[in-house]
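Number of protein chains: 4
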Amino acid sequence: MKAVRLHAFHAPPVVGEVPEPTISGPLDVIVKVGGAGVCRTDLHIIEGQWDAAMGTPLPYTLGHENAGWVHEVGSAVTNVTVGDTVILHPTPTCGFCRACRAGADMHCVASTFPGLSTDGGMAEYLLTSARACVKLDPRTAPEDVAALADAGITAYHAVRKAIPLLYPGTTCVVMGVGGLGHIGVQCLAALTATTIVVVDRNPEALKLAESLGADHTVVADGIHVQAVADLTGGAGADVVLDFVAEQGAEHDGWAMTRRAGSYFVIGYGGTVRIPTLDIISTERNIVGNIVGTYNELAELMALAQAGKVTLHTRTYPLTAAADALADLDAGRVRGRAILVP
Amino acid sequence: MKAVRLHAFHAPPVVGEVPEPTISGPLDVIVKVGGAGVCRTDLHIIEGQWDAAMGTPLPYTLGHENAGWVHEVGSAVTNVTVGDTVILHPTPTCGFCRACRAGADMHCVASTFPGLSTDGGMAEYLLTSARACVKLDPRTAPEDVAALADAGITAYHAVRKAIPLLYPGTTCVVMGVGGLGHIGVQCLAALTATTIVVVDRNPEALKLAESLGADHTVVADGIHVQAVADLTGGAGADVVLDFVAEQGAEHDGWAMTRRAGSYFVIGYGGTVRIPTLDIISTERNIVGNIVGTYNELAELMALAQAGKVTLHTRTYPLTAAADALADLDAGRVRGRAILVP
Amino acid sequence: MKAVRLHAFHAPPVVGEVPEPTISGPLDVIVKVGGAGVCRTDLHIIEGQWDAAMGTPLPYTLGHENAGWVHEVGSAVTNVTVGDTVILHPTPTCGFCRACRAGADMHCVASTFPGLSTDGGMAEYLLTSARACVKLDPRTAPEDVAALADAGITAYHAVRKAIPLLYPGTTCVVMGVGGLGHIGVQCLAALTATTIVVVDRNPEALKLAESLGADHTVVADGIHVQAVADLTGGAGADVVLDFVAEQGAEHDGWAMTRRAGSYFVIGYGGTVRIPTLDIISTERNIVGNIVGTYNELAELMALAQAGKVTLHTRTYPLTAAADALADLDAGRVRGRAILVP
Amino acid sequence: MKAVRLHAFHAPPVVGEVPEPTISGPLDVIVKVGGAGVCRTDLHIIEGQWDAAMGTPLPYTLGHENAGWVHEVGSAVTNVTVGDTVILHPTPTCGFCRACRAGADMHCVASTFPGLSTDGGMAEYLLTSARACVKLDPRTAPEDVAALADAGITAYHAVRKAIPLLYPGTTCVVMGVGGLGHIGVQCLAALTATTIVVVDRNPEALKLAESLGADHTVVADGIHVQAVADLTGGAGADVVLDFVAEQGAEHDGWAMTRRAGSYFVIGYGGTVRIPTLDIISTERNIVGNIVGTYNELAELMALAQAGKVTLHTRTYPLTAAADALADLDAGRVRGRAILVP
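Top line first, the protein sequences correspond to chains A, B, C and D.
My numbering numbers the first residue of the first sequence as 626 and each following residue consecutively.
My numbering numbers the first residue of the second sequence as 626 and each following residue consecutively.
My numbering numbers the first residue of the third sequence as 626 and each following residue consecutively.
My numbering numbers the first residue of the fourth sequence as 626 and each following residue consecutively.
Chain A extracted, bound-state conformation:
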């Protein structure tokens, strides 16, 4: 089958022929891919940023954001059957560790992460497991929802954790309105009555944010920290959701966070540098975020089905993966790029 293969860091992935995956375990599931999202993390993987944390298994197939149809199932699979339309939680999990038994799928001690630690979904078929499958209405087109499998779940997870902090009268800053951020804004609007302030370099992204529920938009032009201070009576935001967290955003995000507030790190690439005196004298928090739980993905599908989260996507054929990655890198994608095998 065709697959988008990464052979070396700092080199563009190429479309090549590889064998189809096969069932070996009783809970294995093979999915015919209907849509595979293209993510800034793919760029970071190509740069080698994830090698230390994950051990990128070169050469391998990219693609950690997938939806499709069940193609084949292992002998003990009972929750889906061949032909079902599914969206896939990004990390097939063991089901037996403390984290799995607590519903914290992203902290399973024995999970894989297809597209990062094993072959991913930028291919015709993908090997996953029963526990990763969220069954969908059969009328759903996988390419329409694939972006919810990683961008969506990650944005939703961060927003859901922030809800108790975002009662009426508070302010939430969203930094970066790309693939994740444009979903984050909608989740905030659907689940809270906080005042949403969106910060982005790109005026078009800010226009999109306004149409999705932002109350205020701020161009990231160098005086945006002051702009947020002005919008909050000098206090700063109760919560900052930083979907960028590199190139200085990680300093601005912290600076925008008010006393007793929380700075959520969702993007990555930069480094926070904060005096501990600054952390304690204001009692602020820095909150890490990664993916989300299986149930959160199901909740997000409920939000999407109710029309409260709408994806902005642009599709490319699988063979045009390089174009999609280039467009993303150059800031030419509004919302999310999706490969369709």
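FYI, nobody ran anything at the bench for these hints, they're computed from the structure.
You may find that some hints are simply not true.
Identical copies look the same in the list; a pair holds intra-copy or inter-copy alike.
[Unchecked claim] Below, simulated SDA-like cross-link-like pairs (lysine to any residue); rule was C-alpha separation at most 20 Å, straight line:
| # | residue 1 | residue 2 |
| --- | --- | --- |
| 1 | LYS627 | ALA945 |
| 2 | LYS760 | ASP709 |
| 3 | LYS786 | TYR941 |
| 4 | LYS760 | TYR792 |
| 5 | LYS760 | CYS719 |
| 6 | LYS657 | TRP694 |
| 7 | LYS760 | GLY794 |
| 8 | LYS760 | LEU683 |
| 9 | LYS760 | ALA701 |
| 10 | LYS933 | SER836 |
| 11 | LYS760 | VAL734 |
With chain A's structure known, arrange chains B, C and D on it following the hints.
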């Protein structure tokens, strides 16, 4: 009256004569000081570290950890009367802002911080307000409990926030068993069944920790991060309470924190430097901590009265304030030094 | 001044002349009433239902839902000044007890409840305290917002407590769309993405509910428990907010609550009768609700100012109090009746 | 094999011969029973109380509290192997429903409940599933820990839910110190610093409670509600854990609960009858409790291993099941009766 006055940064405070405070507002309370704790923060104030955050009002009287007897009250004070034994919440608050109305006293938008932003309690009398007074059993000796007013409330506040994370089977690291840490260990033992691992440079401090409820102690000798890894099957601690947070402890504390765990910053002086990729790929949190609420101080007094928290203190006459500060700086104080006017 | 006085149980209150209230304590505030809500609780008071719990102080002035303008203040009042437009938290509190210091105003051990335990606001002037005053934009007309002071805060408080239970994919039943319920529906729509099912006897009330955000409406015609089962795949609702809780609603509400769900009691008048086996075998909860906190009232005002909660009211002159009560009793009021002195 | 069989309601179960269970599903596990607890629920099952809720499958084998050794495993079982010592979560679960994916094992939509809905563990062998097995230190004797599998997990689950309500200075009443209650007292002492007040009819049970951590004991002699009022300054307890909930305990428990407090129902057999006015005017809660989660059972095992929970048990041979049930019914068992096949 006599008071311990700081006239300039980097110079030792001196005992001098100043006028007694007077009542001006209807909710003012003047307390005859019975005990005033000596804190590492006093050393940091003398070094000028707090000037940027608080505007240290030189010259002024140190002392932010106080207990004593009510000496005089304003016209609208109803909760205490002259002669009452009291311990003082460190920040007299306005009572009307959102934070006050939520019980988050330490985030009052109009509080003062005697000993940091106004004259403190290393003196014969202290001006505070009705809302800062926690009434005690009249048989309590203020010098015996004064250390709970700041060291105690701060350690208790951090532990209380951590309780939901510390179910049986978890591990909590306590870094530093000084004035705050030795109370923190006791609060952990009283309020959780977590495995308590204490890290300190000083073997005597570790002995004290063992007697207070530590399950394991680790000398901070350069291989202590590995020692914590070994004690936790390689995973790290669910929670790290860092009562040091300077001189490298702030890196060690983060390194000891497991995936999905939380690193609580309570001490200060250092600077955290963490790649955002490291924050998100493990979904760890950095949690700021400052003082605590009025109710938390009352709760801590209940713990102390039940014998579940016992202070290790060493008293000095008010006139020996310089000795107490020198002993603290040199690591010669086990527990807390208390000035008695 | 004119006031609506209750002289005896089971007899209609009458408008009479009483002396204006006067300032006696340093934190007293006298408010010129601009709007006083008429509540089902007033009917219950007249029936004597509150006498056992509160000691109704006959004869006295009704009215526990008030907004107006500050008319006079005590010597220690700093948060409002004469002329300020204010909405009043229903229970002036002591500010010093554990509950007050935790922000749980409705559980103050020394509060009064004007309109229940002392003279209320169906009068030209009302005696309250500084801690009860929420300052409003001076352009606000008190009669437009008065209903938020009790109906609003109570509905908001219950919804706010339910938010963590109402993630996307859940169902919340609202029983009764009167003064409280019509605000509750709007709060749910503003603060959650739950599926809102409204149950009421009155088809017009259901029409109002639809316009305010209900996803489904059910006529309470005897088969409404089954109707809710049908809407939830047989499982029942995750949360039932019962704004009626009398005349059988209290049985229906429990029956509509799913396994592991919560039945919120907000209305009153009936009696729950439930086998403990039924409680434990399904692990369901019964959650009491009364008024709300000062901060919740402020949050609700933020919601109202943002246009996310709109009151449906009908005004009557103070002298027509008897008509308003009669209309309410007969089910002729959509939303809330407001007396304007 | 031998098994304790219930053939008809209101008739004593008898020991008889039945076929050994066999593996049919890939995740099935057969356990050689080492200890099977005898529970008040067994008496209630015999009385027919559970038939309506569970459909008691007469004739069948009793026993819902089991520990032993893995005897045989299905083809897809990976978390345990033959010979492992295990304690069993009482409800084998599907692993795929929302509740399972949230860790709320007791609310699985497709679980069985061996001993209630299918053959239980008062037998030589028991059929369960991989997801029910908690692996233990091989030196553990199953008969020593079996009581934690149902009595333990249920008591622990209720206490764990109550922890956030039980800060220092609060009071918790434990009603009934039998199989569950004597574990509940120890969990409270290990996990909170609340004042523990134990109420029981039996003076010997109260002595046991004192030795396990009770601060006060009260004989349930008719004036015990007043006794709790006296111990709490008239306010009542913040939390009441009612392990009885029949024969009037369900009224006393509610009456002992303070304003804004919570009454936890854990036992059953009685009926709560409460005016909704009483629920709302005090904002009290009634909290259902059933079993607990898989992780809670693992946490409890950690507590037990640390010596913080010690079981008081009395063993009987499997063939003496009738004696054990009779002793329990007559109040002759302190702690828990355990059958050993």
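Status of each hint after checking the structure:
With identical chains, the CA atoms of LYS627 and ALA945 are at most 20 Å apart within one copy only, with a shortest distance of 12 Å there and 68 Å across copies. With identical chains, the CA atoms of LYS760 and ASP709 are at most 20 Å apart within one copy only, with a shortest distance of 7 Å there and 35 Å across copies. Proximity of LYS786 and TYR941 under a CA criterion of 20 Å is satisfied in neither setting, with 33 Å inside one chain copy and 45 Å between copies. Only between protomers do LYS760 and TYR792 lie at most 20 Å apart by alpha-carbon distance; the minimum there is 19 Å, versus 33 Å within a single protomer.
Proximity of LYS760 and CYS719 under a CA criterion of 20 Å is satisfied in both settings, with 19 Å inside one chain copy and 16 Å between copies. Taking identical chains as interchangeable, the C-alpha atoms of LYS657 and TRP694 lie at most 20 Å apart only when both belong to the same chain, with a minimum of 5 Å there against 42 Å between chains. For the identical chains of this complex, LYS760 and GLY794 are inter-copy neighbours only, at 14 Å across copies versus 38 Å inside a copy, given an alpha-carbon limit of 20 Å. Proximity of LYS760 to LEU683 under the C-alpha cut-off of 20 Å is found in neither arrangement, the shortest distances being 31 Å within a copy and 37 Å between copies.
In this homomeric assembly, LYS760 and ALA701 come within 20 Å of each other (Cα to Cα) only inside a single copy, at 17 Å, whereas the closest approach across copies is 22 Å. Taking identical chains as interchangeable, the C-alpha atoms of LYS933 and SER836 lie at most 20 Å apart whether they share a chain (13 Å) or sit on different chains (18 Å). In this assembly of identical chains, LYS760 and VAL734 lie within 20 Å of each other by CA distance solely across copies; the values are 17 Å between and 24 Å within a copy.
Checked against the numbered hints listed earlier, the structure breaks hints 3, 8; every other hint is satisfied.
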